[in-house]
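Top to bottom, those sequences are chains A and B.
Take the first sequence: its position 130, counting from 1, is numbered 130 in the numbering used here, and each next residue is one higher.
Take the second sequence: its position 125, counting from 1, is numbered 125 in the numbering used here, and each next residue is one higher.
FYI, nobody ran anything at the bench for these hints, they're computed from the structure.
It should be emphasised that the depicted structure is a prediction, and the values quoted were computed from it without experimental measurement.
Note that beta-carbon positions come from the ideal geometry of N, C-alpha and C, so glycine has one too.
Warning: the hint list may mix true and false statements.
[What the hints assert, rightly or not] Lysine to any residue pairs mimicking SDA-like chemistry, simulated, CA-CA at most 20 Å apart:
| hint | chain 1 | residue 1 | chain 2 | residue 2 |
| --- | --- | --- | --- | --- |
| 1 | A | K4 | B | L245 |
| 2 | A | K14 | B | L245 |
| 3 | A | K4 | B | A248 |
| 4 | B | K405 | A | N71 |
| 5 | B | K405 | A | V47 |
| 6 | A | K123 | A | A158 |
| 7 | A | K14 | B | F244 |
| 8 | B | K401 | A | T85 |
[Claimed, not checked] If you want a taste of the chain A side facing chain B, the calculated C-beta under 10 Å gives, among others:
| hint | residue |
| --- | --- |
| 9 | I68 |
| 10 | E75 |
| 11 | N133 |
| 12 | G134 |
| 13 | N140 |
| 14 | T173 |
| 15 | G211 |
| 16 | H232 |
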Amino acid sequence: MMFKSLRVRLAQGKQVIPDVRAAKPLGFRGLPTIAAGECAAGCTACVETCPTAAIRTDPLSIDLGRCIFCNECVEVCPEDKIALTPEPRMGATSREDLVVGAEQRAVIRANAGLARLFKRSLKLRQVSAGGCNGCELELNATANVNFDLQRFGIEWVASPRHADALVISGPLTRTMREAVRLAWDAMPEPRFVVAVGACAISGGLYDGARGVERSFLDDVIPALYVPGCPPHPLTFVNAILDLLGVA
Amino acid sequence: MIALASPTSELEMLAIKPWAARLVERANAGLRPITMYGRREEDGVVLTVVHQDGARLQVSRTRVDPVHGYHELTSSVPALHCFERELHEQLGVRVAGHPWLKPVRFEDRDQAAMATYPFYRVDGKEVHEVAVGPIHAGVIEPGAFRFMCFGEHVIHLEIQLGYQHRGVEARLLERDPRTLAPWCETIAGDTTIAHTWAYAAALEQLAGHPLDPHHELARAIMLELERIAMHLAGLSGLAADLGFLPGAATYGRLRTTAINTSMRLCGSRFGRSAIRAGGSGVVLDDELRAVVQANLALLRHDGAIIDECFDSARSVRHRLIGVGTVSTELATQLGLVGMAARSAGVAIDARTGGSYARHALASCTQATGDCWARAQLRIAEITASLDWLERVIAEPVTLHKARSKLAALAPSQLAIAVVEGWRGEVVHCLETGPEGELVHYKVQDPSLRNWMGLAMAVRGNQISDFPICNKSFDLSYCGHDL
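Take the sequences, apply the hints, and build the full model.
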C-alpha cells in the first residue's frame with residue numbers, strides 16, 4: 001500500500017498554478033474586447049443574437065453582468081468588432097462598472113475597509129439559489145490543488161456564522177428566498193455579498209423566469225461582482241484578491 | 001442516442017382504460033417506460049407515455065379530464081411514481097389512489113408552502129428525526145433531507161426538493177425554438193452536452209435537418225469528455241467524504257485535465273457553445289489532436305495509478321462495500337436509469353443498440369448495487385470512454401465550427417431524443433402545433449427518477465453513511481427542479 005501511495009504522490013508532482021495573477025487559461029473564452037470605431041449604420045446583428053440582452057449599440061457596449069460568453073456576437077459581427085480573449089481577470093465592485101465599451105475594462109476598486117479586515121483571512125459561505133452546478137463546480141475548484149485559494153488565507157466554511165462573505169450563485173429562486181435571508185441574517189457583521197455568475201448578477205438566462213425572485217439583492221447590494229457562465233476559478237480568485245488589494 | 005419523430009395524428013390514441021391496460025401490458029412484456037407527461041389542451045389533459053423497445057421508442061396517448069382523473073398506475077408499474085406525482089402537481093390531474101402523491105418541486109408556489117410538505121412519519125418513543133438543508137455544509141446546490149432514525153439506524157429518508165425551481169420549461173416556450181441552446185446548456189450545468197444534444201437532436205428532426213456526421217461525432221466526443229470529467233469529480237468528492245485525501249487531490253486534478261481538454265475544443269470547460277442546433281462549435285485540427293491525445297494519455301496513465309491505490313485501500317473498501325445497496329429488482333421496479341441502474345446490474349444505456357457516432361462503445365455494469373459498485377462503475381466507464389475517444393481521435397478526422405439556420409419546424413409533430421448523459425438518460429420531448437409553433441417542451445433529467453433510488457439506498461444504513469451514499473449517486477438538484 002505504501003508503494004502505491006508513493007506512486008500516486010510521484011505522479012501527482014506539483015499541480016499548483018504558481019502565479020494565479022498572471023495565468024491565462026489556454027482556449028478560454030474570457031474578457032470581451034471591443035474594437036474602437038463606429039459600427040456599420042443600423043447594424044444590430046449582435047444585439048439580436050445575444051441570448052441575455054447584454055449588448056447595446058451607439059456606442060457598442062457589453063454588460064459583463066449579463067454576458068454568458070457564448071461567442072454568438074463574435075460570430076455574427078460582420079466587422080469583427082468584438083473578440084473574447086483568454087483573459088480571466090474581470091469583475092467589478094459596482095454594477096455600472098460591468099458595462100464595458102470600446103477599449104475599456106471592468107474595474108475592481110480595492111476596498112480599504114475590507115482589505116484592513118480581511119486581507120489575511122477571509123471566510124466564505126456559498127449559497128446556491130437556482131445555480132445550475134456550473135458556478136458551484138468552479139467555486140469548488142478554487143479550493144483544489146490547482147488553484148489552491150487557501151494559500152491566500154481564504155477558505156470556504158460550512159456555517160454562515162463563521163463567514164465574512166456570502167457568495168451567491170444562481171438567479172435566486174422564489175423557493176430559496178427564505179433560506180438565503182436566513183443565511184445572511186446568521187452572519188455576523190462586518191459582512192458582504194459576492195454575486196457570482198451572470199445568473200446571480202442580473203438573472204442572466206433566467207431573468208424574469210417564473211420561479212425567480214430577486215428581492216434579496218435589491219436589499220443587499222453586492223460588494224463584488226464576478227462575471228462568467230460559469231466564471232473561471234481564476235476569475236473568482238483574482239476578483240477577491242483585487243478587492244482586498246492583495247498584490 | 002435514440003430518437004423518434006412522428007406526426008401527432010399518427011400516434012396511438014386510446015381511451016383511458018385501454019391506455020392503462022397498454023401500460024401494464026408493456027411493463028409485463030419487460031418494456032421500460034422512459035417518460036410520461038401531460039399537456040393541457042382545451043378539452044382536457046393529453047397524457048403521453050413513451051416506452052423503449054430495443055433501439056425504438058413506442059408512444060401511446062390518452063386524454064383525461066383533470067377533475068375526473070384516472071386511477072393510479074404506480075401500484076402496478078412503480079417506475080411511474082414520479083411521473084404521476086408530476087402530472088398531479090403540474091396539471092392538477094387527479095391521480096386517484098396514488099400511494100405517495102407528494103409535491104415534486106413546488107412549481108409556482110413559494111417557500112412557505114414548502115413548510116407544509118407531508119413528511120412520512122415514523123412513530124415510537126425512541127424514534128427521532130434529523131432535518132438537513134435546504135442549505136448544506138458545502139459548496140453545493142440546495143435540497144432538504146429528513147431522516148427518520150432509531151438511534152443511528154435510518155428507517156426512512158425523505159428527500160424534499162424544489163428549492164432550485166427556476167421555471168425552465170416555461171422559459172423554453174418563450175423564445176424562437178431554434179435559439180434555445182444556451183438555456184439547455186444550463187438545465188443542469190454539469191450535463192451541458194447531454195441536455196443540449198437532446199435538444200438539438202429533437203429540433204433537427206422537427207426541422208427536417210439531416211446532421212453532418214462530423215457534427216454528430218463532435219457531440220459524442222464532447223459527451224464522453226463530459227462523462228470522464230464528471231466521473232472524476234464524483235470520485236474526488238467521494239474520496240474527500242471518505243477522508244481518503246490522495247483520491248480527493250488526484251481525481252480532482254485529473255478532472256482539471258479533462259475539462260481543460262473540453263475548453264481547448266470549444267472554449268468552455270463545461271462544453272458551453274459546443275453544440276448548436278444544426279451545427280457545431282467544436283474545432284479539432286491536427287495540432288489540437290496532439291493536445292487531446294496527450295491529455296487522454298495522461299488521464300489513462302495517472303488514472304490507473306490512483307485507481308489502484310483507491311481500490312486496494314482498506315479504508316475505502318471498508319466504507320464502500322455493502323453500504324447503500326440497491327438490488328437489481330428494486331432498481332428495475334423504481335425505474336432507475338443510467339449509472340445508478342447499471343451499478344445494480346440493470347444494463348440500460350442509450351449509447352448502445354442504436355448508432356453512436358458510427359463507433360461502437362462498450363457499456364459497463366456492476367452487480368452489487370452498493371456504493372462500491374457505483375464507484376467501480378465510474379472507474380470502468382472512464383476507461384471505456386478513454387478507449388472510445390482514443391480510437392476516434394486517432395482517425396484523421398478534422399472538425400470545424402458550423403452555424404446553420406434551421407428551416408421552419410414541421411407542424412403537428414412530436415420529436416423525442418434520448419441521450420445517455422453521465423448520470424443517465426436525458427430525455428427531451430418537443431411538440432409542435434398546427435402552425436409549426438412549439439407548443440410543448442418536456443425536459444427530463446435522470447435525477448428525476450434516481451432521487452428515489454438514493455432514498456431507498458439509505459434505508460437500514462447509518463446517518464454517517466449518508467454523505468457517501470449521496471455522493472455515490474451524485475444527483476442533480478436543478479435538473480430535477482427545472
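Here's how the hints hold up against the structure:
1. Note on K4/A and L245/B: the hinted pairing holds, with a Cα-Cα distance of about 14 Å set against a maximum of 20 Å.
2. Taking the CA atoms of K14/A and L245/B, the gap is about 16 Å. The hint holds against a cut of 20 Å.
3. Simply put, K4/A and A248/B have alpha-carbon atoms about 15 Å apart, close enough for the 20 Å limit, and the pair holds.
4. In summary, the hint linking K405/B to N71/A is supported, as the alpha carbons are separated by about 16 Å, within the 20 Å threshold.
5. With a C-alpha separation of about 17 Å, the suggested pairing of K405/B with V47/A holds against the 20 Å cut-off.
6. Annotation: proposed proximity of K123/A to A158/A holds, straight-line Cα distance about 10 Å (limit 20 Å).
7. Under the criterion of a C-alpha separation no larger than 20 Å, the hint pairing K14/A with F244/B is consistent with the structure, at around 19 Å.
8. This hinted pair checks out: K401/B and T85/A have alpha carbons roughly 18 Å apart, not beyond 20 Å.
9. With a least beta-carbon distance of about 6 Å to chain B, the hint placing I68/A at the interface is held under the 10 Å criterion.
10. Because the closest C-beta pair between E75/A and chain B is about 6 Å apart, less than 10 Å, the hint holds.
11. Interface restraint check: N133/A against chain B, minimum CB-CB distance 5 Å, threshold 10 Å, status holds.
12. Among the interface hints, the one on G134/A holds; its C-beta lies about 3 Å from the nearest C-beta in chain B, closer than the 10 Å criterion.
13. Among the interface hints, the one on N140/A holds; its C-beta lies about 5 Å from the nearest C-beta in chain B, closer than the 10 Å criterion.
14. Look at T173/A: its Cβ gets to within about 6 Å of chain B, closer than 10 Å, so that hint holds up.
15. Look at G211/A: its Cβ gets to within about 4 Å of chain B, closer than 10 Å, so that hint holds up.
16. Evaluation of the H232/A hint against chain B yields a held restraint, the C-beta minimum of about 7 Å falling below 10 Å.
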